[in-house]
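Start from the sequences, fold in the hints, and give me the full structure.
The sequence shown maps to residues -18 to 659 in my numbering.
If you're looking for bench data, these hints aren't it; they were derived computationally from the structure.
Ideal Cβ positions, reconstructed from N, Cα and C, are used throughout, including at glycine.
Be aware that a few hints might be false.
[Said to hold, decoys possible] What follows is a set of in silico ranges between Cβ atoms, one per label pair, in the way DEER data are often shown: (1) Asp350 - Arg297: 22 to 30 angstroms; (2) Asn268 - Thr248: 21 to 29 angstroms; (3) Glu142 - Ile(-10): 37 to 45 angstroms; (4) Asp238 - Ser156: 45 to 53 angstroms; (5) Gly409 - Glu142: 29 to 37 angstroms; (6) Glu151 - Tyr201: 44 to 52 angstroms; (7) Pro358 - Glu427: 15 to 23 angstroms; (8) Ile(-10) - Glu472: 49 to 57 angstroms; (9) Gly570 - Thr479: 35 to 43 angstroms; (10) Ser(-9) - Glu151: 41 to 49 angstroms.
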Amino acid sequence: MKNALSRLISFDVSGNNDSILRREWLQANGLGGFSSGTLAGGVTRRYHGLLVAALPAPLGRTVMLSRVQESIKPGNDNIILLNTQDLGDNQTDGTMCQCIESFHLDTGLPVWTYQTDNFKLEKRILMLRNKNTVLVNYHLVKATGTVEIDLRPAVHFRPLEASVNNTTVEDSEYSVVAKDNIYQIHGGHFPPLLLKIIDSESTFNIDNRRNDNIYFRLEYERGYAAVGKHWSPGFFKTILCAGQSTTIIASTETADDLPVNFADAYTHEIDRRKKLLALAPIAKKGNEQLIAELILAADQFIITPGGRVEETERARAAGEEVKTIIAGYHWFTDWGRDTMISLEGLTLTTGRHTEARYILRTFANYVRDGLIPNMFPEHDKTGLYHTADASLWFFHALNRYVKTTQDRATLRVILPKLISIVEHHLAGTRFNIAVDPNDGLLQQGEEGYQLTWMDAKVNDWVVTPRRGKAVELNALWFNALRLLENWLIEERDDRAYTIGQHAQRAQHSFNERFWNPINGYLYDVIDGPEKLDDSCRPNQIFSIALDHPVLDPQHWKAVVEQVKKHLLTPVGLRSLSPQHRDYKPNYDGDLFTRDAAYHQGTVWAWLIGPYIDAWVKTYPEERVNVSKLLSGFEMHMNDAGVGSISEIFDAEPPFTPRGCIAQAWSVAEVLRCLATYS
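Below you can see the structure in the form of structure tokens.
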């Protein structure tokens, strides 16, 4: 396996720099925390920060170090700012540094190169694994003389989701305490932020500054408060010669947890990443460069939740680990549905079977009334259960795990939970989730709730309520029944026969009631407020794609062809046909406008996975052409979140990436398809 350097981006400072300002980098720490910003160096989102720490509940993820203003003075030359935003800016996201040359990923880690006639400098950013600690290293590759580097940390302690003008901590509440060359910034009820320079001699100059006019351009575009403030206690001054380095550390850990030099910490992380590449059975299939990048991208989402300390300690006492999957960066936490859909691609194709087991057992511990949690809120230790499909995806994820690992011990541990889930669905559980005794199909819906994966909601408006019998829910229900039936047969449990009868009835009713002979595809929802919803949506593809297809094979070709005709794009499937009256071609504007388009045409990358499954089942000879359906994602990984795959895209060319810059099930499904069909 070659070093996954990749994603080299050269800068042309004489042209339009908008694309550079919109490209972003991200590095996660395995706890849910991260470090992220634009390739140009500025902050354009509320979520950008060099240190977004995953703190114990009720704090949750918190922006601790917003940025570092970097000033370079080579010899007698003028001062050069390496990033775009000065603390003296007035509502601007700045201009490109004229000496920035390129950006690349070194085994997934971000590296910038700056160069003039008088010096060449490389900057690297490293988050320590399982620590709320970030290191920013500056290595002077060459210089005609000495170079002065001034590093000014800028902070605005606030919850990750808080607006950029949040006033949780006023400027007057910040204070600095110095001890043993470590500078602690205290502010409000947050833990102190530790700052330290390593790898060089430096001085710290007290020079309090604040700017109330930091402009966040993407917040403006998304309809939120866009002008915020940063506060700085002063700056570190270092003098370097060619071949020397300096590193600033920012951390919420203890002083004893801080590394003594950058080189060892960086090498340790590179070695960890190389082991991930060596571990993955997929690593030598097909496009090695793309696969290596996706394996490293997958690593960002697998976490031990830093905010749920008590749960983690209890699990470790029992010889287990709490593991979960972050649905997407920057703003999502762990979602049950996303976790179960992503589990195979993120863990099984990458050889991380132990973590897959921990994830399944973690969610099994949270089953309540036949449901697994829909999500865990940012500042809470408990889950929310308003989902009708996550529990059914749990069966799917467990099946893929058992098939890959043959770990029947874990299956037997979880099996009682699965039986309970089915029993609760048959009897009826929360949110009117229940099997209709008249036809054996699964129905759901409660006013004010969005229970399927099409879950956009603005205030009290549920955009796509889909109450009634949704097509993918019944495909998942049948699949779950067949899986449970087979497991019970293998365990010689007499309940298998009854489960099989329920499956048979559901399948008969599904084919009798969901087939739409007029349009030649499946109804999206039946027995809801609209009685028969004939919207052409991607949800019908699951009736073919799952391990136990509920749809009669005679209809497979018609469904696949309709989905291909109306919904297929180079980066996933549209969520609604362009011919529908509610179709929205673009996902932009304020929150109301965006959510109105979220599942009304917007392209979802993860849906390429089930589409390919259904396509290959229908046309087995086309298996060799799967790579063509994935080629758009390789080009996309040079855009938006560099080295990862976005959550969604506009529904029309040029298919602009939107939403999260790194989405778990997007990465997982592309990786899974590469593993399955290479």
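Each hint tested on the structure:
| no. | hint | verdict |
| --- | --- | --- |
| 1 | Asp350 - Arg297: 22 to 30 angstroms | 28 angstroms, holds |
| 2 | Asn268 - Thr248: 21 to 29 angstroms | 27 angstroms, holds |
| 3 | Glu142 - Ile(-10): 37 to 45 angstroms | 30 angstroms, violated |
| 4 | Asp238 - Ser156: 45 to 53 angstroms | 22 angstroms, violated |
| 5 | Gly409 - Glu142: 29 to 37 angstroms | 35 angstroms, holds |
| 6 | Glu151 - Tyr201: 44 to 52 angstroms | 24 angstroms, violated |
| 7 | Pro358 - Glu427: 15 to 23 angstroms | 19 angstroms, holds |
| 8 | Ile(-10) - Glu472: 49 to 57 angstroms | 54 angstroms, holds |
| 9 | Gly570 - Thr479: 35 to 43 angstroms | 51 angstroms, violated |
| 10 | Ser(-9) - Glu151: 41 to 49 angstroms | 43 angstroms, holds |
Hints 3, 4, 6 and 9 from the list above are not met by this structure, while the remaining hints are.
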